[in-house]
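Participant: Heads up: the sequence lines are chains G and W, in that order. According to my numbering, numbering within the first sequence proceeds without interruption in unit steps and concludes at 385. According to my numbering, numbering within the second sequence proceeds without interruption in unit steps and concludes at 253.
Some hints here could point you the wrong way.
In silico PhoX-like cross-links for lysine-lysine, where the CA-CA straight-line distance does not exceed 25 Å [said to hold, decoys possible]:
| id | chain 1 | residue 1 | chain 2 | residue 2 |
| --- | --- | --- | --- | --- |
| 1 | G | Lys56 | W | Lys197 |
| 2 | G | Lys267 | W | Lys199 |
| 3 | W | Lys54 | G | Lys264 |
| 4 | W | Lys235 | W | Lys50 |
| 5 | G | Lys45 | W | Lys235 |
| 6 | G | Lys109 | G | Lys37 |
| 7 | G | Lys139 | G | Lys195 |
| 8 | W | Lys209 | W | Lys197 |
| 9 | G | Lys264 | W | Lys16 |
| 10 | W | Lys201 | G | Lys16 |
| 11 | W | Lys2 | W | Lys158 |
| 12 | G | Lys16 | W | Lys235 |
| 13 | W | Lys209 | G | Lys16 |
| 14 | G | Lys45 | G | Lys56 |
Cβ-to-Cβ under 7 Å is the rule here; a few derived chain G residues that face chain W [to be verified]:
| id | residue |
| --- | --- |
| 15 | Cys6 |
| 16 | Ala13 |
| 17 | Leu17 |
| 18 | Glu32 |
| 19 | Gly46 |
| 20 | Ala51 |
| 21 | Ser60 |
| 22 | Lys203 |
| 23 | Gly340 |
Bear in mind the hints are in silico, worked out from the structure with no lab data behind them. All figures in this text were calculated on a predicted structure; none of them were measured in a lab. The C-beta atom is built at its ideal place from N, Cα and C for all residues, glycine as well.
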Amino acid sequence: MDATKCHLDIRDAISKLCSQFDSSYWQTCDRENKYPKAFVTALTKGGFLSALIPKKYGGSGLSLSAGAAILEEIHKSGGNAGACHAQMYTMGTILRHGSEEQKSKYLPKIASGELRLQAFGVTEPSSGSDTSSLNTTAKFDGKNYIVNGQKVWTSRAEHSDLLLLLARTRPITEVKKRTEGLSVFLVDMRELVGKSLTIKPIKTMMNHSTTELFFENMPVAPENMIGDIDSGFRYILSGMNAERILIAAECIGDAKWFINKAQKYAKERIVFDRPIGQNQGVQFPIAKAYSKMRAAELMLRQAVNLFDQGKNPGEEANLAKLLCSEASWNAAETCMQTFGGFGFAEEYDVERKYREARLYQVAPVSTNLILSYLAEHVLDLPRSY
Amino acid sequence: MKILVPVKRVIDYNVKVRVKSDGSGVDLANIKMSMNPFDEIALEEAIRIKEAGKADEIIAVSIGASQSQETLRTALAMGADRAILVVATDDVNQDIEPLDVAKILHAIVVEERTDLILCGKQAIDNDMNATAQMLSALMGCSQATFASKIELAGEKIKVTREVDGGLQVVEVTLPSVISVDLRLNEPRYASLPNIMKAKRKPLEQKEPKDFNVLVKNRLEIIETNEPAERMAGIKVSSVDELVEKLKNDAGVI
C-alpha cells in the first residue's frame, strides 16, 4: 500500500491534534526545558498511546503500522514524540512475556493513561551498547529482590510511574553465556522515589527529560518479575524490532518536516532578485534529501509490513532505523543550510528540530551497532566486538 | 430530535491551490482533501447539542463522488451516528451545484424527518454560500445564516448571526436550517477509539435518482485563473506624499 495513504484517518486526527500545539508551544518547552505535558495528555486522552495494546486490555489493538503512522505524523507536524513514544511500546515486554495476572493488572491502566510506563532502565555508566556487562544486581533476600546499582540515560523516569528494569540476578561468573543471568522487573517507582530510588535529571542539548537512576537496597516484590528468572536479556531483545521501526517512523516524519520547511523557504526567500530555490546549489540538496527520504521510507514500509505479518524482520528493522535516521539527518543538514543564518534563530524551529534529529544517530541504538549487526548477522562476517 | 449535517469533501485548507494549465479548473491530482472547515464546525455544534442531551441522533450526509466516503468516516469518527453518501458523480472534478444539493438534502430531510439542519455557511472550494438558503426555501422553513452562537430552548432556537455591521440575534422555530460561521466553536479531533468505532457505524450509499433528483449542472465554467499576484508595496516619505498617492495613484480618496 502507498505509504502516505496508510491509516489516513489516524494521520488526519493526529495532524489536527498537533495543530493545537504550534511552534511557540514547542519553543517554550524547549527553552524552559519543560515536559510537554499538555501535548502528552492530549495524545493519551485521544487513545493514541494505547494504539498497540490489545482490545481486551483496553487499547485499540492495532498493528505496528498504526503506531508508526501516529509517531511519523507527530514529527512531521514539527512536534516531538520523544516525551511519550515509549508509553506506546515499553508495555510490549509485559504483553509478550508477562503473566496473565500482570497483564490484567497493569495493561488496562497503562491503556487509560492512569499508569505511565515509559521508563526503561537498561544502560549503565560502565555498560553502553555492551548491555550484558551491566552491574546492577537484584538479590533475593527471602522476601523481596533487593536492587543495587545505577542506570543512566533512562529517559522520562520523572514522568513515568513504572520502570522496566534489567538487573543481574546471577553473577556473570556463574553463567555460561554473559547474556544469561539477567532478569526483567516491573518497578512501581511511585513508592520508592526519594527512599531507595533516586532520580537525577541530566541536562542535555535537547529537551528529552533524560535521567540517571540510583538504587540503594531497593526492594522489588518477586511477583513483579517479568517472565522467567535469568532470562531477561532475550525479553529485552524481543522488543527491539518494534522500537527500531517506530523510531524510524519518527525519523521519516522529521525528514518530511525538514524537506517541507526547506522547500517553502527556498521558494520564498529572495536574494539577488530571485528565490534562492532557483539556484541549483540550493535546490539539488533538497531534491537529494527528498530522494533519500523516499528510499528510506520504502525500507520502513517493508519492515512494518513484515512485522505486521508476524515475521521477525531483524534485518529490515535495523536497516529502516539506519536509513531513516540518516535520511532525517541529511534533511536536517539541508534544511539548516537552506535557511542559512535564519536556521539558527529559535523562531524558525529549524535549530530545535536539528538538535532533536541528531539524537537518532545515537539512540536508542547507535549507527555503528546496526552496522555490526548487519555485518555479523546478515553478511556473515566475523563478530567485531 | 434528529440533526442533519451535510459535509463536503474539499481541498484541504492548508493546501496551496494550483490552477490547471488549461484553465479548466484546479488541479486535484494527489492533493490532500478534507472536510470543509465550516461543515466541521457545524458537525461539532451538532455533537455538542447531542452531548447536552438536546438531540438523539446526528446524520451526516455527503453528496459528490464516491471518495466523499472518507469525509463521512471522519464525520462518524468525530461523533455522527450514521452517514448517507449520495454518489452524484464519478468525476471528482465535478462540483454538484447548490440547487441539486439542496433538492437531495430536502428529500433526505423529508425521509428522515429531521428538524434541524446544521451546515457550513459555504464550502471553501467554490464559496457559493447558497445551499442552506435554497434548502430552507425548498423546505418552506426558517433559516438563520452565519451563526456564531446557537442556543436551544425547546422549539425555539436563538441564533447570533455575524453580519457586516456586527452581531444580529434572531429567533427561529423548528424545523430550521442554520448555517454556521467560523467563530461558533473549535472542532474536536477524533480519538483513536472513535476512529475505530466509526469503521463499524452505518454508512448508507444512495444515488440522486433514489430521491428523484436529476443532477444537471446549470453553470458553465468558462475559465479559472490564479488570483493576481500581490504587488510589492512602496514606502512614502511624508503624509503629504501619502495623501497625494492615495488621491492620484490609488484613486481611493
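Participant: Find the hints from earlier in the document that the structure breaks and name them by number, from lowest to highest.
Facilitator: The structure conflicts with hints 2, 3, 4, 5, 8, 12, 13, 15, 18, 22 and 23, although it agrees with all the remaining ones.
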